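Number of protein chains: 2
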Amino acid sequence: MANWKNLDTLKSFEELKNAKKVSLKNVLAGEEGALRVGKYCIPMAEGMAYNFAAKAVDDEILSGLQKLADEQELAQKFQELYNGAIINTGEKRMVLHHLTRGQLGEDVFADGVNKREFYLNEVKKIADFANKVHSGEIANGNGEKFTTVVQVGIGGSDLGPRAMYLALENWAKVNGKFKMEAKFISNVDPDDASAVLASVDVAHSLFIIVSKSGTTLETLTNQSFVMDALEKAGLDSAKHLIAVTSETSPLAKSDAFLQAFFMDDYIGGRYSSTSGVGGAVLSLAFGPDVFAEFLKGAAEEDTLSKDADILKNPALLDALIGVYERNVLGFESTAILPYSQALNRFPAHLQQLDMESNGKSVNRFGEKLAYQTGPVIFGEPGTNGQHSFYQLLHQGTTIVPLQFIGFKNNQRGQDVVIKGSTSQEKLNANVAAQIVAFATGKDHENPNKSFDGERPSSIIIGESVNPATLGALLAHFENKVMFQGFLWNVNSFDQEGVQLGKVLATRVLAHETDGALKAYSAIFGL
Amino acid sequence: MANWKNLDTLKSFEELKNAKKVSLKNVLAGEEGALRVGKYCIPMAEGMAYNFAAKAVDDEILSGLQKLADEQELAQKFQELYNGAIINTGEKRMVLHHLTRGQLGEDVFADGVNKREFYLNEVKKIADFANKVHSGEIANGNGEKFTTVVQVGIGGSDLGPRAMYLALENWAKVNGKFKMEAKFISNVDPDDASAVLASVDVAHSLFIIVSKSGTTLETLTNQSFVMDALEKAGLDSAKHLIAVTSETSPLAKSDAFLQAFFMDDYIGGRYSSTSGVGGAVLSLAFGPDVFAEFLKGAAEEDTLSKDADILKNPALLDALIGVYERNVLGFESTAILPYSQALNRFPAHLQQLDMESNGKSVNRFGEKLAYQTGPVIFGEPGTNGQHSFYQLLHQGTTIVPLQFIGFKNNQRGQDVVIKGSTSQEKLNANVAAQIVAFATGKDHENPNKSFDGERPSSIIIGESVNPATLGALLAHFENKVMFQGFLWNVNSFDQEGVQLGKVLATRVLAHETDGALKAYSAIFGL
Numbered sequence: 003m004a005n006w007k008n009l010d011t012l013k014s015f016e017e018l019k020n021a022k023k024v025s026l027k028n029v030l031a032g033e034e035g036a037l038r039v040g041k042y043c044i045p046m047a048e049g050m051a052y053n054f055a056a057k058a059v060d061d062e063i064l065s066g067l068q069k070l071a072d073e074q075e076l077a078q079k080f081q082e083l084y085n086g087a088i089i090n091t092g093e094k095r096m097v098l099h100h101l102t103r104g105q106l107g108e109d110v111f112a113d114g115v116n117k118r119e120f121y122l123n124e125v126k127k128i129a130d131f132a133n134k135v136h137s138g139e140i141a142n143g144n145g146e147k148f149t150t151v152v153q154v155g156i157g158g159s160d161l162g163p164r165a166m167y168l169a170l171e172n173w174a175k176v177n178g179k180f181k182m183e184a185k186f187i188s189n190v191d192p193d194d195a196s197a198v199l200a201s202v203d204v205a206h207s208l209f210i211i212v213s214k215s216g217t218t219l220e221t222l223t224n225q226s227f228v229m230d231a232l233e234k235a236g237l238d239s240a241k242h243l244i245a246v247t248s249e250t251s252p253l254a255k256s257d258a259f260l261q262a263f264f265m266d267d268y269i270g271g272r273y274s275s276t277s278g279v280g281g282a283v284l285s286l287a288f289g290p291d292v293f294a295e296f297l298k299g300a301a302e303e304d305t306l307s308k309d310a311d312i313l314k315n316p317a318l319l320d321a322l323i324g325v326y327e328r329n330v331l332g333f334e335s336t337a338i339l340p341y342s343q344a345l346n347r348f349p350a351h352l353q354q355l356d357m358e359s360n361g362k363s364v365n366r367f368g369e370k371l372a373y374q375t376g377p378v379i380f381g382e383p384g385t386n387g388q389h390s391f392y393q394l395l396h397q398g399t400t401i402v403p404l405q406f407i408g409f410k411n412n413q414r415g416q417d418v419v420i421k422g423s424t425s426q427e428k429l430n431a432n433v434a435a436q437i438v439a440f441a442t443g444k445d446h447e448n449p450n451k452s453f454d455g456e457r458p459s460s461i462i463i464g465e466s467v468n469p470a471t472l473g474a475l476l477a478h479f480e481n482k483v484m485f486q487g488f489l490w491n492v493n494s495f496d497q498e499g500v501q502l503g504k505v506l507a508t509r510v511l512a513h514e515t516d517g518a519l520k521a522y523s524a525i526f527g528l
Numbered sequence: 003m004a005n006w007k008n009l010d011t012l013k014s015f016e017e018l019k020n021a022k023k024v025s026l027k028n029v030l031a032g033e034e035g036a037l038r039v040g041k042y043c044i045p046m047a048e049g050m051a052y053n054f055a056a057k058a059v060d061d062e063i064l065s066g067l068q069k070l071a072d073e074q075e076l077a078q079k080f081q082e083l084y085n086g087a088i089i090n091t092g093e094k095r096m097v098l099h100h101l102t103r104g105q106l107g108e109d110v111f112a113d114g115v116n117k118r119e120f121y122l123n124e125v126k127k128i129a130d131f132a133n134k135v136h137s138g139e140i141a142n143g144n145g146e147k148f149t150t151v152v153q154v155g156i157g158g159s160d161l162g163p164r165a166m167y168l169a170l171e172n173w174a175k176v177n178g179k180f181k182m183e184a185k186f187i188s189n190v191d192p193d194d195a196s197a198v199l200a201s202v203d204v205a206h207s208l209f210i211i212v213s214k215s216g217t218t219l220e221t222l223t224n225q226s227f228v229m230d231a232l233e234k235a236g237l238d239s240a241k242h243l244i245a246v247t248s249e250t251s252p253l254a255k256s257d258a259f260l261q262a263f264f265m266d267d268y269i270g271g272r273y274s275s276t277s278g279v280g281g282a283v284l285s286l287a288f289g290p291d292v293f294a295e296f297l298k299g300a301a302e303e304d305t306l307s308k309d310a311d312i313l314k315n316p317a318l319l320d321a322l323i324g325v326y327e328r329n330v331l332g333f334e335s336t337a338i339l340p341y342s343q344a345l346n347r348f349p350a351h352l353q354q355l356d357m358e359s360n361g362k363s364v365n366r367f368g369e370k371l372a373y374q375t376g377p378v379i380f381g382e383p384g385t386n387g388q389h390s391f392y393q394l395l396h397q398g399t400t401i402v403p404l405q406f407i408g409f410k411n412n413q414r415g416q417d418v419v420i421k422g423s424t425s426q427e428k429l430n431a432n433v434a435a436q437i438v439a440f441a442t443g444k445d446h447e448n449p450n451k452s453f454d455g456e457r458p459s460s461i462i463i464g465e466s467v468n469p470a471t472l473g474a475l476l477a478h479f480e481n482k483v484m485f486q487g488f489l490w491n492v493n494s495f496d497q498e499g500v501q502l503g504k505v506l507a508t509r510v511l512a513h514e515t516d517g518a519l520k521a522y523s524a525i526f527g528l
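In order, the protein sequences belong to chains A and B. Under my numbering, the first residue of the first sequence is numbered 3, with each subsequent residue one higher. Under my numbering, the first residue of the second sequence is numbered 3, with each subsequent residue one higher.
Excised from the complex, chain A in its bound form:
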């Protein structure tokens, strides 16, 4: 059994704090700098690589990070997790999302079944269902094919699947894999459901209602919105709705649905993109084979994440460097900067994944922590961000560590040559240039045109965004966040911080308020 200890009790962490700091200007200078770019780079799954040459580490700090990983028993903790230990201490649950994409260790049994088989079976049910929809065997009341799929969910049931859909939409269109258009309804603001419903042909739309508990107020409300729209169009809503939920939820056995697909309490919403939550919409939109490829990429990355050697385990190394930046260098936020339009909403997904997992002030035993945990995460795709918030990143008073993601090729294969280079070359020239500009800066006699540099970044590089690389990328960040949770000794798999707002909102709607809450409610006439 692993020992669960606070970060600030570890000898290796004390040593790390005392290690000599690295100047990026120095280590990236000259031919030594060029060599470092090649050396500080480790393989990821699916031909990708994690390059950390522009992070403020050197061999001594890397050795300190390895000691930290060993002393905090990170590989062992991951092993216990995938073998079914109760890692989610708050809710006393196992954490099994890795099983949706592979068998990393021993068989795990719960609820009387082998969980890997359970998840595989749900994927198979989804695949069968999707194939029947695509063939027209499952059709609307008039026997016509469904053309559109609309996911109704919020948070983990929305951000991940939406980001994955957008990441693969264009890839699918140019590779003959585009089966159905997908749309998403999430917000309880009625304008969200109303606008999406007005934009689709409801008679040929299939709606996926996604809520693990079957009690998420936003999603149930939007389900009603959808059912109203179907009924107003004279359609039988039970022929248009499917559910992704847990077997014990009120949605599981409801007559309102054509079919229900299951997940369970061992998969958190923000880790559910590789479960039925992502599986239903992605299989319907692109076909089950595309979803299978996505799972394969994730599984390959998971396998790398088992390694105790930080130079063979990119998620582990990324996690350690992030904790070094947060708890030794004192940086408070991290920007995610994909140089790919396909990854447009990937930062929003990672924002949830990271901030909801590790935005905690107590350790896994409920004891208050005396150190910083999860950072603020934000980001937009490059080169757009360059013309927006990069000014602060380059010349602001706050240093923000950066996580670049880049690809050698685009998805659609269309390009133009202007001034001797393609758009793709310009895109990639920009990401290379930014890394160096942030790290090394540039002196200028006019201080307003001067750049201090010393802004650390890493870059993940791949051939192109496709189902397999996307799966690997997702697993990398999921595992990074998990390892950081282990390092901080927090429970990354509950989210008690969302409860108080829910309780108070319910009180407002029941008109059971007083004091400031009553006064704020009155502003809105509630």
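Quick caveat, the hints were computed from the structure, so don't treat them as lab data. No experiment lies behind these values; they were computed from the predicted model shown. Any given hint could be a false lead.
What the hints assert, rightly or not - Here are some chain B residues the structure puts well away from chain A; computed CB gaps all over 10 Å:
(1) D60
(2) Q81
(3) I88
(4) G107
(5) T149
(6) K308
Said to hold, decoys possible - Each computed BS3-like pair below joins lysine-lysine, with the alpha-carbon atoms no more than 27 Å apart:
(7) A/K185 / B/K185
(8) B/K7 / B/K23
(9) B/K444 / B/K41
(10) A/K94 / B/K451
(11) A/K520 / B/K410
(12) A/K175 / B/K185
(13) B/K520 / A/K41
(14) A/K410 / B/K520
(15) B/K23 / A/K520
(16) A/K520 / B/K27
(17) A/K255 / B/K421
(18) A/K504 / B/K27
(19) B/K314 / A/K520
(20) A/K147 / A/K241
(21) B/K175 / B/K127
(22) B/K185 / B/K126
(23) B/K69 / B/K314
(24) A/K179 / A/K134
(25) B/K23 / A/K370
(26) A/K179 / A/K127
(27) B/K520 / A/K444
(28) A/K298 / A/K314
(29) B/K241 / B/K134
(30) B/K520 / A/K23
(31) B/K234 / A/K421
(32) B/K185 / A/K179
(33) A/K185 / A/K234
(34) B/K126 / B/K179
(35) A/K134 / A/K298
(36) A/K504 / B/K410
(37) B/K520 / A/K27
(38) B/K421 / A/K504
(39) B/K27 / A/K370
(40) A/K421 / B/K255
Beta carbons: idealized from backbone N, C-alpha and C, even for Gly.
Got chain A sorted already, so can you dock chain B onto it with the hints?
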């Protein structure tokens, strides 16, 4: 003439640092707390209000903030700005975006013309053009009406206009103002232009190429992409392209365009939504009268921003509280949380507006500053964010000040009643609940379910998102950022931090690299 001083030289700032800190739990408790919600609220334009009851201020701190505003001569500096002083010291330019929507002070002359008249004339040219497009007088080569408008621009030529279009799209659809669908191309990633072009009917599309300098590489590249697509479709691209640029730019007199509309060097990209940059696309999409309403709302808010009394000037007060949070309380980031799906991309625009304006380390004279300036800005619409990053906001180790925005009514007027309340009521109950939950927290015997509270927030409340309230909202934030720039004594109107990356990217494309830059370029085969 105003005195331009660093924040840390001000007596009032020293006093403010020593003022007794406010506990939100205390001041929002009981009936006093309820009264505070009514009292700490000041009017904005267009029936909106700025409520700061959940900010960590009291009458003593407010009095300190007034002294700070007076000592730093904020109202006088704004007056000098709108009367045409050289406020952009880096580029030695006037800052005139307020003139696009009103005459706040004296006539301002530059380039031999009255600038207010110049901007008005451009708006009129745009209105005439848009009316002719809508009537079919200006049509495609076959004499058919244009149905779609595509804005090609990046940064300030994209984020603001895109956020404004999305904010008004549904309002326009239900109010009979929807004239043309708008799409946007920004990223140099060729997948962006390729996908947008594949999604529109190019034969009936009008393209607006927006670049003040006429030399923005991304935009010129995407212009070529568009021209290629038009030519491949056998169309005369000059009949489909218009430009928004400066009179001295290469685009101004080019035969490639049907018509050019002008802005100038006195309007920064991130402040250009009320100029032709926003005007062309919004007038084409919704009609010139809608754009006029938008300008009217902005002008009304600008007028409020002239007041030296912080309790009559919401932008000024908002700015002062933000600086208090940044430089006295030490908070590093700010979240923008609109409870309105219409404001989906408004946070991305404010991220640029704020971080590009005030992410600076030197003062307006080029001297290094010894204090923190602009914060990191991020945000997503509520209630989506509640199911994502709010965990960290409630229970993380970092305190993030929050800027809520809420509206009594939705735009589309469609709603459902579930469990006794409408979606709109649920939306608003949530924002009221969140403000109180963040501020006052809640103790629990299980520390994992405990909330420390003391998370400050303000809320802007309006009737609904419409052209006038949107204009007022935009002007509020523009002026807030301006006042914060004055407080920090930085030049909020240049962006030298974007230059180094551009220079290095050009070098990569010219294969003139060595060392680390050459090594990073080689990764991408450049």
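Structure-based check of all given hints:
1. D60: holds, 15 Å
2. Q81: At about 25 Å from chain A, B/Q81 clears the 10 Å cut-off, so the statement holds.
3. I88: Nearest chain A Cβ is 15 Å from B/I88, so the label holds.
4. G107: holds, 28 Å
5. T149: Non-interface label stands for B/T149: nearest chain A Cβ at 16 Å, farther than 10 Å.
6. K308: Non-interface label on B/K308 holds, nearest chain A Cβ at 27 Å vs cutoff 10 Å.
7. A/K185 / B/K185: holds, 17 Å
8. B/K7 / B/K23: holds, 25 Å
9. B/K444 / B/K41: Status holds; Cα separation ~24 Å.
10. A/K94 / B/K451: holds, 14 Å
11. A/K520 / B/K410: OK: A/K520 and B/K410 at ~16 Å, within 27 Å.
12. A/K175 / B/K185: holds, 19 Å
13. B/K520 / A/K41: holds, 14 Å
14. A/K410 / B/K520: Status holds; Cα separation ~16 Å.
15. B/K23 / A/K520: Satisfied, since the Cα-Cα distance of roughly 25 Å is no more than 27 Å.
16. A/K520 / B/K27: holds, 15 Å
17. A/K255 / B/K421: holds, 21 Å
18. A/K504 / B/K27: With Cα atoms ~19 Å apart, A/K504 and B/K27 stay inside 27 Å; holds.
19. B/K314 / A/K520: The given pair, whose Cα atoms are some 25 Å apart, holds under the 27 Å limit.
20. A/K147 / A/K241: holds, 12 Å
21. B/K175 / B/K127: holds, 25 Å
22. B/K185 / B/K126: holds, 23 Å
23. B/K69 / B/K314: Given pair B/K69, B/K314 holds - Cα atoms ~15 Å apart, limit 27 Å.
24. A/K179 / A/K134: Distance of about 16 Å is within 27 Å: holds.
25. B/K23 / A/K370: Given pair B/K23, A/K370 holds - Cα atoms ~23 Å apart, limit 27 Å.
26. A/K179 / A/K127: The hint holds at about 20 Å.
27. B/K520 / A/K444: holds, 17 Å
28. A/K298 / A/K314: holds, 19 Å
29. B/K241 / B/K134: holds, 14 Å
30. B/K520 / A/K23: holds, 25 Å
31. B/K234 / A/K421: Holds. B/K234 to A/K421 sits at ~21 Å (cutoff 27 Å).
32. B/K185 / A/K179: holds, 25 Å
33. A/K185 / A/K234: holds, 20 Å
34. B/K126 / B/K179: holds, 19 Å
35. A/K134 / A/K298: Satisfied, since the Cα-Cα distance of roughly 23 Å is no more than 27 Å.
36. A/K504 / B/K410: Cα-Cα ~20 Å, so holds.
37. B/K520 / A/K27: Holds, at about 15 Å.
38. B/K421 / A/K504: Holds. B/K421 to A/K504 sits at ~15 Å (cutoff 27 Å).
39. B/K27 / A/K370: holds, 20 Å
40. A/K421 / B/K255: Within the cut-off at roughly 21 Å; holds.
Of the numbered hints stated above, none is contradicted by the structure.
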